[in-house]
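J.: What follows is the residue order along each chain.
Number of protein chains: 4
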Amino acid sequence: MKVSVIGATGYAGAELLRLLYGHPQAEVVHITSESHTGERIDTMYPHLRGLYGLTLESMKDIEAIGRDSDFIFIGLPHGHAMAVGKALEKLPVRIIDLGADYRFADTDVYEAWYHVPHTHKDAPRVYGLAELYRDDIRDAKIIGNAGCFTTASILALAPLAKEHLIDVNTIIVDAKSGVSGAGRKPNQGNHFPELYDNFKAYKVATHRHTPEIEQAVEGLSGEKTVINFTPHLVPMSRGILATCYATLKDGVMPEQVDAAYEKLYGSEHFIRLLGRGGYPETKYVRGSNFCDIAWHIDPRTQRVIALSAIDNLVKGAAGQAVQNFNIACGFDEKLGLDFTPIYP
Amino acid sequence: MKVSVIGATGYAGAELLRLLYGHPQAEVVHITSESHTGERIDTMYPHLRGLYGLTLESMKDIEAIGRDSDFIFIGLPHGHAMAVGKALEKLPVRIIDLGADYRFADTDVYEAWYHVPHTHKDAPRVYGLAELYRDDIRDAKIIGNAGCFTTASILALAPLAKEHLIDVNTIIVDAKSGVSGAGRKPNQGNHFPELYDNFKAYKVATHRHTPEIEQAVEGLSGEKTVINFTPHLVPMSRGILATCYATLKDGVMPEQVDAAYEKLYGSEHFIRLLGRGGYPETKYVRGSNFCDIAWHIDPRTQRVIALSAIDNLVKGAAGQAVQNFNIACGFDEKLGLDFTPIYP
Amino acid sequence: MKVSVIGATGYAGAELLRLLYGHPQAEVVHITSESHTGERIDTMYPHLRGLYGLTLESMKDIEAIGRDSDFIFIGLPHGHAMAVGKALEKLPVRIIDLGADYRFADTDVYEAWYHVPHTHKDAPRVYGLAELYRDDIRDAKIIGNAGCFTTASILALAPLAKEHLIDVNTIIVDAKSGVSGAGRKPNQGNHFPELYDNFKAYKVATHRHTPEIEQAVEGLSGEKTVINFTPHLVPMSRGILATCYATLKDGVMPEQVDAAYEKLYGSEHFIRLLGRGGYPETKYVRGSNFCDIAWHIDPRTQRVIALSAIDNLVKGAAGQAVQNFNIACGFDEKLGLDFTPIYP
Amino acid sequence: MKVSVIGATGYAGAELLRLLYGHPQAEVVHITSESHTGERIDTMYPHLRGLYGLTLESMKDIEAIGRDSDFIFIGLPHGHAMAVGKALEKLPVRIIDLGADYRFADTDVYEAWYHVPHTHKDAPRVYGLAELYRDDIRDAKIIGNAGCFTTASILALAPLAKEHLIDVNTIIVDAKSGVSGAGRKPNQGNHFPELYDNFKAYKVATHRHTPEIEQAVEGLSGEKTVINFTPHLVPMSRGILATCYATLKDGVMPEQVDAAYEKLYGSEHFIRLLGRGGYPETKYVRGSNFCDIAWHIDPRTQRVIALSAIDNLVKGAAGQAVQNFNIACGFDEKLGLDFTPIYP
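Protein chains in written order, with my numbering: chain L, 5 to 348; chain D, 5 to 348; chain P, 5 to 348; chain U, 5 to 348.
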């Protein structure tokens, strides 16, 4: 398959190039960047020297790129993918957007949280979280790749919501991310001396991944859901750990919780269940498409505490996109993703 | 005042020596270690070279040390301070224990969580969290210095509990600590290559700081309290951030929350209020005795999210001990602690 | 090919398993550990969950393992591989030792620096640094895989030594390594809180990689060589940067230096030349088998400063072993190693 | 003494405020910043909350500030202090410049390396490295505070140069610095995700601290000196380790080297000699004004390897400035600097 990456110079774009290099069925034909048009990608990202000789193009003639590609991956900031999606509407090319533009069934929710008018409301789109929406992804024209925090959170909560084991309005997700999640653009907050040896929360009660988690939990549970989601920055480059709290419904037994996880994920390759009492660590999934999940039940409070770990740039972005690509192409889901995490 | 440090070679003990060096009214007369008896402290801790020439003694003759000291700081693992406290019962020397042995009013709770019989149940003791129990500390024989996670958690929750603004049984504390909190003894889990660039939770629903927080919240609110407390390890050496969730009682207005913090802490030197919407960072308090606190109110969920940051070895251990020492001696509370954090 | 890993639980052994997982021509049949016999490898190394189900065996019956394997990789501490090599002398199995036992042509040098009698002096062995000794490796019975610091140092110096451009007795190698190079066993020096946010030198003028570098430079230059080698610990898990100084011979022009690098490495896949004035970074090679090299010439001092970066666990250990394995098997040298570094 | 800080918002300026807070004889009266005029310093640097309420002024009316101050500390980028120095020429106020403008006796050297015309060539200035130039500092009008790399390098080399024990033209300084040394302004190179878990050299053979080291070695040895100086970035915030190589003159005995260090530094408070065979670590001096020094002699190469560690923001900048201030005022040199490093 001929694939192109629109907005290839962010961390998610660069990670896509890393993964596509090892994909036996994908050939990268175009990569674009408006601010670095004409530069070689291995000048910007020297880790790709000797492996990629591609030069960054402009996306001005997006239709030509679309005609020349079977799949388009979009790594643009939110608000910019809609124009691309609309421009390619009539072409056979299919789209995987790593941003938020195509993640919401209800575009009012998108507009309320992202403060941008949605200009492609009737787009034929699906939510790109493979383990939960695999069937929808198969034939989708546009796949709105799930976000990084949301992937970790939704995968940890899904069995509990789907099997109606928790009161969904007691959900609190306390999430911690490495700094690559904040993007490649330097600013004071991400300046090395200030973030190193430091830990902080940000966007408490206002982060845009909140409604994305709510949408998924509502879909799975069938109940209106309002949650708290709190992101934090960990002084490391990659990795997300989500600590998810919810109150179990009366009478729910620990074994029912175990069974719910087993039922939903027992045969998934990229979800590794560490079981009740386990402890995922971000380093155990670093560089890989795995999501490690464990859960704890506190009999004192009748709460379940679910833990999940992903690499935010892989299962939280580029790896998920490749997994969706594989599903959409009818390939083995592991193609290009079948390697071990890198440890220590 | 002549002071001695029993168990001086752990991180809390070493931090005490750092702070006592700059204390104009304290002279360190004895330091002890059973495993390093006879060694100079600046051989074990070369950062003290040129500043401390003391040699580590055994605590075998603790009574002699007690007779030679006005104050004893204990930096031993839990279960070992009780014997010291008992041995010094009859002497005028006063004690500040940095461990857990003297933190609980109800020794049954101690025994249930620490799995050690309490052998000094009638000890005349107070809980050593200066901002909340200052009056008790003044004349105490034995001060059970508050723990690191608990200091951050209790200080963040106290105004809410005391003013009856929250349902105390909805409290969830999601806490994150630098690795020095796990002590100086190397093990696989704290081995550099495994913890660096990694993030994980531990002791979910079972950490011993849980009942200590509950005891304080119960005391402040007058209500029986059961909470969730989840500790995590951050790949850094020092610092704790506690993210505390609770549901506001019906009708509680944001201004009432603001007022509660202002009322309790408005004139405290070591508590810096960042206000509603603020963001404490562990680096802003590094090396200092400050506790920075902010709070957020989520109208969607009617929850308050309180954030607090401390240096676990200072306000969470040695600094708090010095602050308690100052109170107990009738000194200015800032003596030996009046310096700025170290940033960046 | 059926391969076994003797001493599979150190970091180099675990990294071998990571790389062999992706190798299309290698099947891991036995893995051993004396201290963890009977444990599953994915219990010790949870990043391998779902990928490896192997159980660790004892190496007591090494001959049976040898008969069942085409290749044996040895990840034991120095002094222990000789016994394995001797035990397998008569079997057709071939050996790649990741330790120092088979690295020295002159076993007196080994004994002088390692303080262990060499018990397999007549072993048919070659030095396993692929780019320089490829032809010897092809048919070797025993390959003494080059060390981590030495790989970075020798590859940076080789063109200069081989083309007689420098006075070899002015060589100074100032090297910096991530902490995984010091192994998996915890100790005070590698305890997270002490090493984090810290930098130090160790084993100045006494590190055992010194004679290994000297042996190679002597071989390439034909001149007796005595050098200074200084290792340092960088607070990170992986990666080596070697800064190599040498005085250029009179009249040597910069273009001659450029040409020497180009001549020796111009067609090597795993050596990426960044040219005169370039700057390798350890993160640009992280997780990969690349060695990035650049050089600078200071006209004021007439010195050349060569810089090289590798991942100590890949090109400095397991990746180099796989590369040697590929050569020894007649495979494409990139088999199992043809992926991009992981960045950021 | 009334002191003002011109350019107070860089890391060195902020560190000065930290140290001056604890100085019993200094009162900070003005702090300036052109880009943040009108902001409170504790808004920019929240670690100073509750300790400093000062508002940043413009330096437009520098003469008024000069008239209102006994001492001016300048934390501006090089090239900007000369104008301040000239403007205050006639006033009694004395100046400590933390930048490079007043460090060179020969302004031609300054102009050659800094590419800026020197506009205050006849300034009555001294080089501000207290241990070596204490007598000059006492009455100086303008003190050109020594640089960070240079302080570590010169202090390590001084005894060797002064006692003529080494061939000064064999000096190589391989230095490693935490990232705060590169300043507070964010850029791609210092963006957290790219520098974390990474190590690199920069400005090989071209760094501006080279001639500063040469000037000092020439002054001490009386010999024309050309050296190699190579800076590297360590993924940590603070700290410098300098590894200094030089060839001993024929017949120099190890004891002579020991004696040279003892003679020059034996009674210095801020220089801690770890002796022959010792290992300074940057964390042992963190936050303090200490310079820890050790040396090794390699009989194989007849080279001495001297190691020194400082905190680049303290002994390498603000602490040195305060030490110089104390000398210039006739105070005890330790005033405001007499505290322990912060460890771990």
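Just so you know, these hints were derived from the structure itself, not from any lab. Hints are not guaranteed to be accurate.
[Unchecked claim] Here are the simulated DSSO-like cross-link-like pairs (lysine-lysine), alpha carbons at most 30 Å apart as the crow flies:
#1 D:K267 x D:K166
#2 P:K189 x L:K338
#3 P:K267 x P:K64
#4 D:K253 x L:K253
[Said to hold, decoys possible] Derived contacts from chain U toward chain D, CB cut-off under 10 Å, selection only:
#5 A18
#6 L21
#7 W117
#8 Y137
#9 R138
#10 V183
#11 E285
#12 Y288
#13 F294
#14 Y347
Note that the Cβ used here is the ideal one computed from N, Cα and C, for glycine as well.
J.: Now, for every hint given, state plainly whether the structure supports it.
T.: Outcome of the hint check:
1. Between D:K267 and D:K166 the alpha-carbon distance is near 11 Å, which keeps this suggested pair within the 30 Å criterion.
2. Our distance criterion of 30 Å between C-alpha atoms is broken by P:K189 and L:K338, whose separation comes to about 34 Å.
3. Of the pairs offered as hints, the one joining P:K267 and P:K64 is violated, with about 47 Å between alpha carbons and a cut-off of 30 Å exceeded.
4. Distance hint between D:K253 and L:K253 is fulfilled; the C-alpha atoms sit about 22 Å from each other, no more than 30 Å.
5. At its closest, the beta carbon of U:A18 sits 7 Å from a beta carbon of chain D; the interface hint therefore holds under the 10 Å criterion.
6. Checking U:L21 against chain D by beta carbon gives a least distance of about 8 Å; that is within 10 Å, so the hint holds.
7. Interface restraint check: U:W117 against chain D, minimum CB-CB distance 28 Å, threshold 10 Å, status violated.
8. With its C-beta approaching chain D no nearer than about 22 Å, U:Y137 sits outside the 10 Å limit, and its interface hint is violated.
9. Taking 10 Å as the C-beta cut-off, the interface hint given for U:R138 is violated, the closest approach to chain D being about 19 Å.
10. Given the 10 Å rule on beta carbons, the hint for U:V183 holds: about 9 Å separates it from the nearest Cβ of chain D.
11. Annotation: U:E285 was flagged as interfacial toward chain D, and the flag holds, the nearest CB pair being 8 Å apart, inside 10 Å.
12. The interface hint given for U:Y288 holds, since its Cβ lies 4 Å from the closest Cβ of chain D, which is under the 10 Å cut-off.
13. This hint holds: U:F294 has a C-beta 7 Å from the nearest C-beta of chain D, less than the 10 Å allowed.
14. Restraint check, U:Y347 versus chain D: the minimum CB separation of about 4 Å is within 10 Å; hint holds.
This entry does not satisfy hints 2, 3, 7, 8 and 9, going by the numbered hints stated previously.
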